[in-house]
Amino acid sequence: MRPPVAPPGWTRWLVPPAALSVHLSIGQAYAWSVFKPPLESALDLSGTQSALPFQLGIVMLGLSAAFGGTLVERNGPRWAMSVALVCFSSGFLIAALGAAISQYWLIVLGYGFVGGIGLGIGYISPVSTLIKWFPDRPGMATGIAIMGFGGGALIASPWSAQMLETFGSDSSGIALAFLVHGLTYAVFMALGVVLVRVPRSRGARVPGAPAPLEGPQVSARQAVRTPQFWCLWVVLCMNVTAGIGILEKAAPMITDFFADTSTPVSASAAAGFVALLSAANMAGRIGWSSASDLVGRKNVYRLYLGAGALMYLLIARFGDDSKPLFIVCALVILSFYGGGFATIPAYLKDLFGTYQVGAIHGRLLTAWSLAGVLGPLIVNWVADRQEEAGKHGPGLYGVSLSIMIGLLAIGFVANELVRPVHARHHISAPKEPSDDDAADAADAAEPAAK
Amino acid sequence: MTTQPTQPTPPSPRPSETPPRRRPLIVGAWLWVGLPLAYGLYELVHKAKQLFTG
Chain B
134 MRPPVAPPGW
144 TRWLVPPAAL
154 SVHLSIGQAY
164 AWSVFKPPLE
174 SALDLSGTQS
184 ALPFQLGIVM
194 LGLSAAFGGT
204 LVERNGPRWA
214 MSVALVCFSS
224 GFLIAALGAA
234 ISQYWLIVLG
244 YGFVGGIGLG
254 IGYISPVSTL
264 IKWFPDRPGM
274 ATGIAIMGFG
284 GGALIASPWS
294 AQMLETFGSD
304 SSGIALAFLV
314 HGLTYAVFMA
324 LGVVLVRVPR
334 SRGARVPGAP
344 APLEGPQVSA
354 RQAVRTPQFW
364 CLWVVLCMNV
374 TAGIGILEKA
384 APMITDFFAD
394 TSTPVSASAA
404 AGFVALLSAA
414 NMAGRIGWSS
424 ASDLVGRKNV
434 YRLYLGAGAL
444 MYLLIARFGD
454 DSKPLFIVCA
464 LVILSFYGGG
474 FATIPAYLKD
484 LFGTYQVGAI
494 HGRLLTAWSL
504 AGVLGPLIVN
514 WVADRQEEAG
524 KHGPGLYGVS
534 LSIMIGLLAI
544 GFVANELVRP
554 VHARHHISAP
564 KEPSDDDAAD
574 AADAAEPAAK
Chain Y
241 MTTQPTQPTP
251 PSPRPSETPP
261 RRRPLIVGAW
271 LWVGLPLAYG
281 LYELVHKAKQ
291 LFTG
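Chains as they are written, first to last, in my numbering: chain B, 134 to 583; chain Y, 241 to 294.
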């Protein structure tokens, strides 16, 4: 498929909503927990079983981003968004069939496997296009899109709950809810497919902004052979592990911390805390990522990892003394977690150029797959062992908080080791597959548009 | 001899400026994604209030 080249007069401010329509949709993944209790009672499943579609979805996100990244670069953002639309929506439709005929394996296959491919391809679909449109502000541009992944759960969580309340929580109600999700997301994501365009390499360009392929360029195949790629892999993995640990255990954690104090936290207040963490996650994606355009990528990761470790230390040392301190520290940690996700594409662009930044980003997202398993595993395993040892309250989390500080320290060191990529990895005279040729073809095909 | 004053050439539009015919499309596209997000944020504020009242 030929990438869609922007006609003359096309504005770059149409590309962020195109990206957001995809990311706000696939961000629904973070709201899977809404379906867990109804599925468990309707299909007689355990908690582990009902978590399987989500876990498989996240694993498929990392794998499809890693293996599909090069295809996304070659075929362009419209192809990628179309694949994401078809996979994500048909995943819901297969899951709807599974719920209707009470075949749980179909829900796992649909939402987890097919939908998970949609998650991975959709996640990376707009990244390199946005970087090419906003070479002057790549952090802000990718921050807007990746903020959508955080915001998707804010929309899906109340919307899905409302739908289950209307249709019922039995298997036919769940099936109907899945069906409506699949159809609605297909329509919503279609905006991205229709609007997305790659910039022309010649002609109109943002004043003062560098040309898309200016500076050193490294191919995706070559990037994974550089120490810089693996340093950033460790940075992302450690940052995500530390953030996801607190995110996954947030509600019981705040309840346990203040259980023996004069200001205990109720279940509904804990739900409010989780909602605030989601907001901090989303705000961090756009805020810190935009800040990285001003202060530099390395410095902003020093903040995520260094100040993040300090926040964990404050929670471990003084967390149960002050509820506001606990809440503020947790919010800052979650904003760093979101910021880490959103800043990494711009960091990759700085190091490897824009030539195949989407494919490199896809390969780096395997760090997320590991962190998604590692973070909750550490916090839950340690809390279970501490409980067996007779501890309670904040005592359940002391060891895991120390582990998180250690992980962030490892990430900090990895970030310090990042240097410019050696010239032997650079490619000579890069030819952008989605640019000149396509622009020439567009010029020939659209003389009237001029 | 009078010299014909040269007609000032209109400035060429800056590449970053948006042609007026694209503005409704931009507004529509941002509303398409902004309205659901606003609903999500409204629900978030509603829930987050419970942290301080509940």
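Be a bit skeptical, because a hint or two may be false.
Stated by the list, open to error - Which stretches of chain B does chain Y cover? Using the computed rule of at least three CB atoms under 8 Å from a CB of chain Y, they are: (1) 193-205; (2) 542-555.
Said to hold, decoys possible - Derived DSSO-like pairs (lysine-lysine); straight-line CA-CA distance at most 27 Å: (3) B:382 with B:456; (4) B:169 with Y:289; (5) B:382 with B:169; (6) Y:289 with B:382; (7) B:524 with B:382; (8) B:431 with B:524; (9) Y:289 with B:524.
Honestly, the hints are just simulated from the structure, not real lab data. Note that the structure is a prediction, hence the values are computed from the model and not measured. Here a beta-carbon is modelled for each residue, glycine too, at the ideal position from N, C-alpha and C.
Determine which of the earlier numbered hints do not hold for this structure and return their numbers in increasing order. 1, 2, 8, 9
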